[in-house]
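Residue numbers (the numbering used here), protein chains in the order written: chain A, 1 to 78; chain B, 101 to 178; chain C, 201 to 278; chain D, 301 to 378; chain E, 401 to 478; chain F, 501 to 578.
Because the hints were derived from the structure by calculation, they are not lab data.
If you're wondering where the values come from, they're calculated on a predicted model, not measured in any experiment.
One or more hints might be untrue.
[As the list claims (entries may be wrong)] Taking lysine-lysine pairs in the DSBU-like style, the calculated list, with each CA pair at most 35 angstroms apart, reads: (1) K332(D) with K343(D); (2) K243(C) with K332(D); (3) K543(F) with K443(E); (4) K325(D) with K425(E); (5) K425(E) with K25(A); (6) K343(D) with K425(E); (7) K125(B) with K525(F); (8) K125(B) with K243(C); (9) K425(E) with K543(F); (10) K243(C) with K132(B); (11) K225(C) with K332(D); (12) K425(E) with K225(C); (13) K443(E) with K332(D); (14) K325(D) with K232(C); (15) K43(A) with K525(F); (16) K343(D) with K325(D); (17) K432(E) with K325(D); (18) K43(A) with K25(A); (19) K25(A) with K143(B); (20) K132(B) with K232(C); (21) K225(C) with K143(B); (22) K43(A) with K132(B); (23) K43(A) with K125(B); (24) K543(F) with K32(A); (25) K543(F) with K325(D); (26) K325(D) with K225(C); (27) K532(F) with K543(F); (28) K125(B) with K225(C); (29) K225(C) with K243(C); (30) K343(D) with K432(E); (31) K532(F) with K425(E); (32) K532(F) with K432(E); (33) K25(A) with K532(F).
[Said to hold, decoys possible] Cβ pair distances, simulated, as ranges: (34) D502(F) with N174(B): 42 to 52 angstroms; (35) I3(A) with P407(E): 31 to 41 angstroms; (36) I412(E) with A242(C): 40 to 50 angstroms.
Heads up, the beta-carbon is just placed ideally off N, CA and C, and yes, glycines get one too.
There are 6 protein chains.
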Amino acid sequence: MDITLVPGNSLITATPEDGRHLAIKMARLVVKATQPDDDTRAKLRAIYANDASDLIQVGHVVALEFATIAAANNYWRD
Amino acid sequence: MDITLVPGNSLITATPEDGRHLAIKMARLVVKATQPDDDTRAKLRAIYANDASDLIQVGHVVALEFATIAAANNYWRD
Amino acid sequence: MDITLVPGNSLITATPEDGRHLAIKMARLVVKATQPDDDTRAKLRAIYANDASDLIQVGHVVALEFATIAAANNYWRD
Amino acid sequence: MDITLVPGNSLITATPEDGRHLAIKMARLVVKATQPDDDTRAKLRAIYANDASDLIQVGHVVALEFATIAAANNYWRD
Amino acid sequence: MDITLVPGNSLITATPEDGRHLAIKMARLVVKATQPDDDTRAKLRAIYANDASDLIQVGHVVALEFATIAAANNYWRD
Amino acid sequence: MDITLVPGNSLITATPEDGRHLAIKMARLVVKATQPDDDTRAKLRAIYANDASDLIQVGHVVALEFATIAAANNYWRD
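All chains, please: the whole structure from these sequences, using the hints.
Dropping the structure here:
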């Protein structure tokens, strides 16, 4: 697999906002690793971006990735 | 992406009630980042707000976002 | 949003039983915040209370809310 | 709600096996609280006990309840 | 219920590989406790083992059981 | 079961990127343990790699496996 799965190879980010962006990127990169064809992903994106249930599940995955990133950063409390 | 994903760029809130509101906002902002078109989101909202399974899943995502926020705030025990 | 999302604005409860009740209430209040119309919620409740898959998912959300509440209370070990 | 949601009002159990039984009971009691009619639950049980997807989701909920109970008991390491 | 739910009545295993096997067994035993009929389970297994969505969900449950077992074993770091 | 479920029999990896690869492998190996037939898995892979909802759920499972691996590695903070 020659796709980078963790941009910057680190879970540490400066802020929660940056952590949230990383969570979205990491979620997308797993999809890319599973379906590497750009055209197919574009077609599927048009489907899930217009489907209420799918969008909720996208939110679910991002929330889970973010939970890990937030813990890694001690919730940016320090 | 020019959408703010974490309002206030912090997971720290004064109370559990505030944390719950943040959880709902954060969940919605991921949907907005994935489907930026306002009209499409309004249409989809009319769907999931009237679908039992979808509403339960909305609750699931909010519960997960809130778990992270609650941990960040040491469960507002201090 | 003028709905109270965390009754008592605290995750601390006297017992696990009380924590479980809070988990159920918090799960329901997110649904109420997303679908504020009482009649619509009553109609949807008749659907999910009679659907096996939906009921299992209701249990899932309550389990997740409870996990957070239990952690907040140090699992009522003290 | 006059249904007991946490039998014994405690998450502490003597063994992992006991904890697993508690997890199953707690998962079922939320379903009972949501659908109190015994006949309806019996009918729904006949459905989900014969549906592969539903059974997997039952396993999911029990796993989540158990995670909380296991943490409460320090994983029975002591 | 006369089915053993946690083989060995312990979450402690020698290695991650052993922990993973335990996770799979524990996930299956909940299904067995919910649907005790061997023939029915065999029929359902033929369904979910040939359904992409079901297989992914099986993986989900095992991942969750494993998370608990891994925490119980301090991630086999010691 | 003669399938290796945890490559290297360890959750410890040098980097987040390596941890992410391990998460994907572990998720796939559970599917392999549940459906050992190579041809069937290839057929199912063609299905889920072209289905938006399935791909999102694949991402969900990987996120959960990764959460465990990240915790095992102290989030690669050290």
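Hint-by-hint comparison with the structure:
1. K332(D) with K343(D): holds, 13 angstroms
2. K243(C) with K332(D): holds, 19 angstroms
3. K543(F) with K443(E): Answer holds: K543(F) to K443(E) is near 20 angstroms, not above 35 angstroms.
4. K325(D) with K425(E): At roughly 19 angstroms apart (the allowed maximum being 35 angstroms), K425(E) and K325(D) satisfy the hint.
5. K425(E) with K25(A): Holds, because 34 angstroms separates the two Cα atoms, which is no more than 35 angstroms.
6. K343(D) with K425(E): holds, 28 angstroms
7. K125(B) with K525(F): At roughly 34 angstroms apart (the allowed maximum being 35 angstroms), K525(F) and K125(B) satisfy the hint.
8. K125(B) with K243(C): holds, 26 angstroms
9. K425(E) with K543(F): With a Cα-Cα distance of about 26 angstroms, the restraint between K425(E) and K543(F) holds, given a limit of 35 angstroms.
10. K243(C) with K132(B): holds, 28 angstroms
11. K225(C) with K332(D): holds, 15 angstroms
12. K425(E) with K225(C): holds, 34 angstroms
13. K443(E) with K332(D): holds, 28 angstroms
14. K325(D) with K232(C): holds, 27 angstroms
15. K43(A) with K525(F): OK: K43(A) and K525(F) at ~26 angstroms, within 35 angstroms.
16. K343(D) with K325(D): Cα-Cα ~18 angstroms, so holds.
17. K432(E) with K325(D): holds, 15 angstroms
18. K43(A) with K25(A): Holds: K43(A) and K25(A) sit about 18 angstroms apart, inside 35 angstroms.
19. K25(A) with K143(B): With a Cα-Cα distance of about 26 angstroms, the restraint between K25(A) and K143(B) holds, given a limit of 35 angstroms.
20. K132(B) with K232(C): With Cα atoms ~21 angstroms apart, K132(B) and K232(C) stay inside 35 angstroms; holds.
21. K225(C) with K143(B): holds, 28 angstroms
22. K43(A) with K132(B): Cα-Cα ~19 angstroms, so holds.
23. K43(A) with K125(B): Given that 35 angstroms is the threshold and the Cα spacing comes to 28 angstroms, the pair holds.
24. K543(F) with K32(A): Holds, at about 19 angstroms.
25. K543(F) with K325(D): The given pair, whose Cα atoms are some 38 angstroms apart, is violated under the 35 angstroms limit.
26. K325(D) with K225(C): Holds. K325(D) to K225(C) sits at ~19 angstroms (cutoff 35 angstroms).
27. K532(F) with K543(F): holds, 13 angstroms
28. K125(B) with K225(C): Between K125(B) and K225(C) the Cα gap is close to 19 angstroms, so the pair holds against 35 angstroms.
29. K225(C) with K243(C): Holds: K225(C) and K243(C) sit about 18 angstroms apart, inside 35 angstroms.
30. K343(D) with K432(E): Answer holds: K343(D) to K432(E) is near 19 angstroms, not above 35 angstroms.
31. K532(F) with K425(E): holds, 15 angstroms
32. K532(F) with K432(E): holds, 21 angstroms
33. K25(A) with K532(F): holds, 27 angstroms
34. D502(F) with N174(B): 42 to 52 angstroms: holds, 46 angstroms
35. I3(A) with P407(E): 31 to 41 angstroms: At 38 angstroms between Cβs, range holds.
36. I412(E) with A242(C): 40 to 50 angstroms: holds, 48 angstroms
In summary, the one numbered hint that this structure violates is 25.
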